[in-house]
Amino acid sequence: MSSYLEANARERLHAVLDAGSFTEFLPPELRIVSPHLGQLDAPVSFDDGIAIGAARLFGEPVLVAAQEGGFMGGAVGEVHGAKLTGLLQRALLDRPYAVLLLLESGGVRLHEANAGLIAVSEVMRALLDVRTAGIPVIALVGGSNGCFGGMGIVACCANAIVMSEEGRLAMSGPEVIETANGVEEFDSRDRALVWRTTGGKHRYLLGDCQLLVADHSDAFRQAALDLAQECHANAGEIALTLEALEAEQHFLQDRVDAFGAAADPLDIWQKIGIADAANLPMLEADAFVAATAQLRRRP
Amino acid sequence: MDWITLAAQLFPGGHTIVEQDNFLTGTAQVDGVTVSIIGSSGHAPIGVEIALMQAQTILTTLRNFPQRPIVILVDTQGQRLRHRDEMLGINSYMAHLGKCIALARSSGYKIIGLVYDQALSGGFITSGLMADACYALPGATIRVMGLPAMARITKVPLERLTELAKSNPVFAPGPVNYLQMGGIEAIWDGDLAVQLAQALQDANPVDRRSAAGLQRGGRSQALPVAQAVRANDSPA
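Just so you know, the protein sequences line up as chains A and B, in that order.
Numbering (UniProt numbering) for the first sequence: 1 to 299.
Numbering (UniProt numbering) for the second sequence: 1 to 236.
There could be a bad hint or two in this list.
Stated by the list, open to error - Heads up, simulated EDC-like pairs for lysine to aspartate or glutamate below, C-alpha to C-alpha not over 20 angstroms straight-line:
no.: 1; chain 1: B; residue 1: Lys-155; chain 2: A; residue 2: Asp-257
no.: 2; chain 1: B; residue 1: Lys-155; chain 2: A; residue 2: Glu-175
no.: 3; chain 1: B; residue 1: Lys-155; chain 2: A; residue 2: Glu-178
no.: 4; chain 1: A; residue 1: Lys-271; chain 2: A; residue 2: Asp-254
no.: 5; chain 1: A; residue 1: Lys-271; chain 2: A; residue 2: Asp-257
To be verified - A few chain B residues that don't get close to chain A, going by computed Cβ distances all over 10 angstroms:
no.: 6; residue: Ile-4
no.: 7; residue: Ala-8
no.: 8; residue: Val-18
no.: 9; residue: Glu-19
no.: 10; residue: Gly-26
no.: 11; residue: Val-33
no.: 12; residue: Gln-56
no.: 13; residue: Gln-67
no.: 14; residue: Arg-68
no.: 15; residue: Gln-215
no.: 16; residue: Gln-221
As the list claims (entries may be wrong) - Over 10 angstroms on every C-beta distance to chain A, these chain B residues come out as not near it, computed from the model:
no.: 17; residue: Asp-2
no.: 18; residue: Thr-27
no.: 19; residue: Asp-31
no.: 20; residue: Ser-121
no.: 21; residue: Gly-122
no.: 22; residue: Leu-137
no.: 23; residue: Pro-138
no.: 24; residue: Thr-141
no.: 25; residue: Thr-154
no.: 26; residue: Lys-166
no.: 27; residue: Ala-186
no.: 28; residue: Ile-187
no.: 29; residue: Arg-216
None of these hints come from the bench; they were simulated from the model.
Where a beta carbon is used, it is the ideal one built from N, C-alpha and C, also for glycine.
I would like the entire structure built from these sequences, with the hints used as guidance.
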């Protein structure tokens, strides 16, 4: 199987990492399940919807986590979050070449809401500690459930994000916004609008993701290596610095100043200077990158 | 509690806090020491603008006032639920705020969060929950979302969720449950100024929340699972 979108978490791990190199921590046979789901008569999963472990990427040692969108949308509960936090804390001991996060999540698992919310914050702090230790964290976003809620924030805490055009990265899902503020605010059934707003191409044009690739596991594999190598080439930028965050502040302020009055992502693409903005959704990933790489915003 | 009453009780030594469009900023005196304040009021929905203003205050403190402690006053209904914010990439803005707080902490600044009214989901994890420790007032509301909305999404009947919420801190809103889960360090009662001064004294950059959750009986798995991953072992 070559589609990253259609693969499950374990298939992605095998396709993205060196063949046969993945060793799982707390594998399903240990049956580490959520202590909360049973009380709600909700099904459990023996990996709680996330596989974590050590592997190699083009020979380099990495630690890696893959969220399983097929189990409760990849949502974060107490055990799911603790596996992720533990993996990040382990990176401080193992000092891998990089930590790869194959993210697919609707955010906090509402069945264990409070535990999930605190867990996401623990993941954020652990992730930033990994960066402070000089180890790059790379996020891969290309699953069918997208990367939303707290995990949409976690992704933006990584050094770099690679997305496919089918990947989606945002905070509140369109259904949540529609429920809160009406269909005029955000029509969740308008798939083209949802895609324009949260999809990989828009995030690439705004500078929120660093690489855009076709929906192919080999493309994600190569992009993960490229981004990790780029981080090591600029090793001083792996950890947070005041200068980098001041630059990010200006970058994000400029975005609001330039595009804050736009009503639709299409308006933004036109303002960026893309000649045939309306046709962007039709372009294949490579042709899209070729057409926009010089125009897109970047920090 | 409104922020003006709160500020008077927290900072009897004086403060310069101003509120503009639900964004709080300024300085205050705690035990004779100047601290930077960021926060929000009026159950503010946190959109891209307010996240940027909070981040800017943190960065200004880092740039101009070495080691000046930071206090985050939390009152938010969560992230702003608008198409515009999503289009602009609100998750990047919230992550940016979280990163600014994290940089301050890793640079040795003491940072305390206080939920004085409401704290919900995205507005909370990138503010109070990124501090060294977060505290709450007894009357505060803390939650991911309300039980009726939770029932709709999880398809678990509201009656059952309401019943479970009585005994299980995982579902139920409120500071007592967040205390039990380790997300909140303590609930303040009595002299707020004394407790803030003490909290700044005790501030510690190490994340102790999963250990607190285990000790207080609210989260039995978070610490053992993370420890097992670090050791590649099965949880105790």
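Tested hints:
Proposed proximity of Lys-155/B and Asp-257/A is contradicted: the alpha carbons are some 41 angstroms apart, above 20 angstroms. Proximity of Lys-155/B to Glu-175/A is assessed by CA-CA distance (about 16 angstroms); at most 20 angstroms being required, the pair is judged to hold. Between Lys-155/B and Glu-178/A the CA atoms are separated by roughly 19 angstroms; this keeps the pair inside 20 angstroms, and the hint holds. With a CA separation close to 13 angstroms, the supplied pair Lys-271/A and Asp-254/A stays within the 20 angstroms bound.
Restraint check for Lys-271/A and Asp-257/A: the C-alpha separation of about 12 angstroms stays at or below 20 angstroms, so the hint holds. Interface exclusion of Ile-4/B from chain A stands, the closest Cβ pair being 29 angstroms apart, more than 10 angstroms. With a cut of 10 angstroms on Cβ distances, Ala-8/B stays outside the contact zone with chain A, its closest approach being about 30 angstroms. With a cut of 10 angstroms on Cβ distances, Val-18/B stays outside the contact zone with chain A, its closest approach being about 20 angstroms.
For Glu-19/B, the non-interface assignment is confirmed: its Cβ lies about 21 angstroms from the closest Cβ of chain A, beyond the 10 angstroms cut-off. The claim that Gly-26/B is not at the interface with chain A holds, since no C-beta of that chain comes within 10 angstroms of its own (minimum 19 angstroms). Non-interface call for Val-33/B relative to chain A: holds, since the shortest CB-CB distance, roughly 22 angstroms, exceeds 10 angstroms. Its closest Cβ contact with chain A, about 6 angstroms, brings Gln-56/B to no more than 10 angstroms, contrary to its assignment away from the interface.
For Gln-67/B, the non-interface assignment is confirmed: its Cβ lies about 14 angstroms from the closest Cβ of chain A, beyond the 10 angstroms cut-off. For Arg-68/B, the condition that its CB be more than 10 angstroms from all CB atoms of chain A holds, with the nearest at approximately 14 angstroms. Taking the minimum C-beta to C-beta distance to chain A, about 14 angstroms, the non-interface status of Gln-215/B holds against the 10 angstroms cut. Taking the minimum C-beta to C-beta distance to chain A, about 5 angstroms, the non-interface status of Gln-221/B is violated against the 10 angstroms cut.
With a minimum CB-CB distance of about 25 angstroms to chain A, Asp-2/B clears the 10 angstroms threshold, and the non-interface call stands. A cut-off of 10 angstroms between C-beta atoms confirms that Thr-27/B is not in contact with chain A; the least separation is 20 angstroms. For Asp-31/B, the non-interface assignment is confirmed: its Cβ lies about 27 angstroms from the closest Cβ of chain A, beyond the 10 angstroms cut-off. In this structure Ser-121/B is not separated from chain A by more than 10 angstroms, as the shortest Cβ-Cβ distance comes to only about 7 angstroms.
Gly-122/B, annotated as away from the interface, has a beta carbon of chain A within 10 angstroms; the closest lies near 6 angstroms. Annotated as non-interface, Leu-137/B keeps its C-beta farther than 10 angstroms from every C-beta of chain A; the closest such distance is 18 angstroms. The non-interface label for Pro-138/B is consistent with chain A: the shortest C-beta to C-beta separation is roughly 17 angstroms, beyond 10 angstroms. Every Cβ of chain A is farther than 10 angstroms from the Cβ of Thr-141/B; the closest lies at roughly 13 angstroms, confirming the non-interface assignment.
Its beta-carbon lying about 5 angstroms from the closest one in chain A, Thr-154/B breaks the requirement of being farther than 10 angstroms from that chain. With a least beta-carbon separation of about 12 angstroms from chain A, Lys-166/B lies farther than 10 angstroms from that chain, consistent with its non-interface assignment. With a least beta-carbon separation of about 15 angstroms from chain A, Ala-186/B lies farther than 10 angstroms from that chain, consistent with its non-interface assignment. With 10 angstroms as the threshold on Cβ separation, the claim that Ile-187/B sits away from chain A holds: the shortest Cβ distance comes to roughly 15 angstroms.
Residue placement check: Arg-216/B keeps its beta carbon more than 10 angstroms from all beta carbons of chain A (closest about 12 angstroms).
Checked against the numbered hints given earlier, the structure breaks hints 1, 12, 16, 20, 21, 25 and satisfies all the rest.
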